[in-house]
Amino acid sequence: MNRPKTWLLVFVALIWAASWFQGAINPYYFDILITIGINIVLGVSLNLVNGYTGQFSLGHAGFMAVGAYVSAAMTIFLCPRWLAACGGGSTAESALFLGALVAGGFGAALAGLAVGVPSLRLKGDYLAIVTLGFGEIIRVMVQNTEAVGGSRGLSIPARETGLFTTYLAAALAVYVVVSLVHSTYGRGFLMVRDDEVAAEAMGINTTKYKVMAFVVGAFFAGIAGGLYAHFKQFIHPEGFGFLRSVDIVVIVILGGMGNTPGVILAAILLTILPEGLRALAALEALPVWLRGMIQNRMILYSLLLIGLMLTRPQGLFSGGGKWLRWWKRRQA
Amino acid sequence: MTEFLQQLINGLSLGSIYALIALGYTMVYGVLKFINFAHGDVYMVGAFAGYYLAPWVWKVIPAGQDTTRFSWSSSAGAFAVLLLSMAVCAVLGILIEKLVYRPLRKRPRLTVLITAIGVSIFLENFGQYLFGADPKSFPEILPDRAIEGLGDLTVMVNQSVVLVVTLILLVALHFIVMRTKMGTAMRALAYNPAAASLMGINNDVIISFTFGLGSALAAAAGILNAINYPSIDPLMGILPGIKAFVAAVLGGIGNLQGAVLGGILLGVLETLVVGYVSPMYRDAIAFAVLIAILLFKPNGLLGRVESEKV
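Each protein sequence line maps, in turn, to chains A and B. To convert, note that position 251 of the first sequence is 251 in the working numbering; the numbers rise steadily by one, no gaps. To convert, take the position in the second sequence, counting from 1, and add 1000; that gives the working numbering.
No lab work stands behind these hints, which were simulated from the structure alone. Some hints here could point you the wrong way.
What the hints assert, rightly or not - Under the rule of at most 25 Å between Cα atoms (straight-line distance), these lysine to any residue pairs were calculated in the SDA-like manner: (1) A:Lys-123 x B:Gly-1030; (2) A:Lys-5 x A:Ser-179; (3) B:Lys-1033 x A:Phe-317; (4) B:Lys-1098 x A:Leu-300; (5) B:Lys-1297 x A:Val-117; (6) B:Lys-1033 x B:Ala-1288; (7) B:Lys-1297 x A:Pro-118; (8) B:Lys-1297 x B:Leu-1269; (9) B:Lys-1033 x B:Leu-1301; (10) A:Lys-123 x B:Leu-1170; (11) B:Lys-1106 x A:Phe-317; (12) B:Lys-1033 x A:Phe-242; (13) B:Lys-1033 x A:Thr-311; (14) A:Lys-123 x B:Asn-1299; (15) B:Lys-1033 x B:Leu-1170; (16) B:Lys-1297 x A:Glu-200; (17) B:Lys-1106 x A:Phe-242; (18) A:Lys-123 x B:Ala-1288; (19) B:Lys-1033 x A:Asp-195.
What the hints assert, rightly or not - Simulated DEER-style distance windows between Cβ atoms: (20) B:Ala-1172 x A:Val-197: 40 to 46 Å; (21) A:Val-197 x B:Asp-1152: 57 to 63 Å; (22) B:Ile-1176 x A:Val-117: 40 to 46 Å.
Stated by the list, open to error - Far from chain A, some chain B residues (derived; all Cβ distances over 10 Å): (23) Thr-1111; (24) Gly-1149; (25) Met-1156; (26) Val-1161; (27) Arg-1187; (28) Ile-1201.
Cβ coordinates follow ideal geometry from the N, Cα and C atoms, glycine included.
Please put together the full structure from these sequences, using the hints given.
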């Protein structure tokens, strides 16, 4: 058994144990914990596209929307009928929820394939804007589909997402991305990123690798969307707009493009940060203009983006390997 | 037929707004080969500059406030508001370029793109902080009424103002780019930056000038749009910005005539879709056009075909 698989199993066992105490957690912290998990899934999956494969996608929230709506439609319209057919029970309910999540993932992956095949012929700025456009088209389409609530949004009756499912998805996303990157495919991704022309000259089917990264990324975005839908219990097409995609892009860039541990750290940091900012904005001691500015986290995010690009384009948490090597040397 | 003509006129006035914004994208792309993502937000700042400047202008020209009828003073007031906000945005554009884009000039394109997205989000949200997030009502700087004697057609005076001002600005731009020293330098820079700089052109000055010019046009678009649709808010620049980018790509990015053509085409197309298909697809149509054009004619309608050098 290789190391990543051991880590995966240990982690899954740990969260399974931890999920027994789920009820004891303060709802506020629980909310933050789940959001962190969902953001890890989103960040790590976008990192596969934007970081490792070097394609700049701005439409991740669109795939999240597909996953959210597909899985919500499953649990609202299909699952009650199936549940009645098999006699119900909490195990069946959980199994059906997992099924709905996976269905949402596949729906998003399918959307990713449909988007990726035509648009991945484009590069850089164009790809960014086309993916943004696809994200918006998905949003407009959902808005015009009355069956899933259209512009009124969609309510989901049961809160199925828990600690276990969320972190299981996070662990799987990390495992799949790390394994992919360290496989032959990963060499392909990195080569597409580093020099597409050279990759093509070496006989690598660059389109295949790009589409593959895109589809896997979209799959996990769909899973995250399903988790989000069954956690918030209300989804609205406006919630999956351009700004949502930017949120995920900020996670990836802050963590460092192509740096999975960094992205995980960034997902945690950027989920806690707005909470900290809220506390900071409530401080009476600060001047009023500063408090007003702190309340809008996007001001800080945008300054963070610009500042990072000017001074540390490799991300906040790069160079972790250096410290790890130093630590290992000390151990030896 | 009347209805079709009506839609066409509405489309033309919307299209001129897109065309003015698209020119900024295309000019910046011409000299720097990158997409200034924040350009749509400069358009927003233009509208807000007009909103805050109008009362000051009326202090100088008190008669300009009277918009019950057409007069020299109301036209002069509107003209002053337009020019002043163009100046404000020109300064803003030059500042953005100097502070943010200039240090990144030799960096990978992705870095610059991310920075531009950062600038865009900053302008939107700092605007929300500064101006307030709720929509504001743009002051009436020109009397708005329908032109008489056109039968069933309703053409508002403001709509014709949009067309006329756009036309004047386009002629002025053409003159600047084709006939002045600055314009010649701009074209040289777009053609070959290294050679231009060897010929004694100060590239930094020209790039600043280009940003200023493009931003001024965006500000004009902001004012012209606001006199027709007076509700302005800090996020109003996002969609017109993206649509104008689509217009620039449609016409062939880097090509000034193409940007105008693309803007007009997109405006007319959008109005026709809203009029004859469904208003719900108003915002999706531009993206559909973009995807189609990038797949079938990536260089745009008037763009040159460029081969990629390795």
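The hints, checked one at a time:
| no. | hint | in the structure |
| --- | --- | --- |
| 1 | A:Lys-123 x B:Gly-1030 | holds, 18 Å |
| 2 | A:Lys-5 x A:Ser-179 | holds, 9 Å |
| 3 | B:Lys-1033 x A:Phe-317 | violated, 30 Å |
| 4 | B:Lys-1098 x A:Leu-300 | holds, 21 Å |
| 5 | B:Lys-1297 x A:Val-117 | holds, 17 Å |
| 6 | B:Lys-1033 x B:Ala-1288 | holds, 24 Å |
| 7 | B:Lys-1297 x A:Pro-118 | holds, 13 Å |
| 8 | B:Lys-1297 x B:Leu-1269 | holds, 18 Å |
| 9 | B:Lys-1033 x B:Leu-1301 | holds, 18 Å |
| 10 | A:Lys-123 x B:Leu-1170 | violated, 31 Å |
| 11 | B:Lys-1106 x A:Phe-317 | holds, 23 Å |
| 12 | B:Lys-1033 x A:Phe-242 | holds, 24 Å |
| 13 | B:Lys-1033 x A:Thr-311 | holds, 22 Å |
| 14 | A:Lys-123 x B:Asn-1299 | holds, 13 Å |
| 15 | B:Lys-1033 x B:Leu-1170 | holds, 22 Å |
| 16 | B:Lys-1297 x A:Glu-200 | holds, 23 Å |
| 17 | B:Lys-1106 x A:Phe-242 | violated, 28 Å |
| 18 | A:Lys-123 x B:Ala-1288 | holds, 18 Å |
| 19 | B:Lys-1033 x A:Asp-195 | holds, 20 Å |
| 20 | B:Ala-1172 x A:Val-197: 40 to 46 Å | holds, 42 Å |
| 21 | A:Val-197 x B:Asp-1152: 57 to 63 Å | holds, 59 Å |
| 22 | B:Ile-1176 x A:Val-117: 40 to 46 Å | holds, 43 Å |
| 23 | Thr-1111 | violated, 5 Å |
| 24 | Gly-1149 | holds, 40 Å |
| 25 | Met-1156 | holds, 29 Å |
| 26 | Val-1161 | holds, 31 Å |
| 27 | Arg-1187 | holds, 22 Å |
| 28 | Ile-1201 | holds, 25 Å |
Violation of the numbered hints given earlier is confined to hints 3, 10, 17 and 23; the remaining hints are satisfied by the structure.
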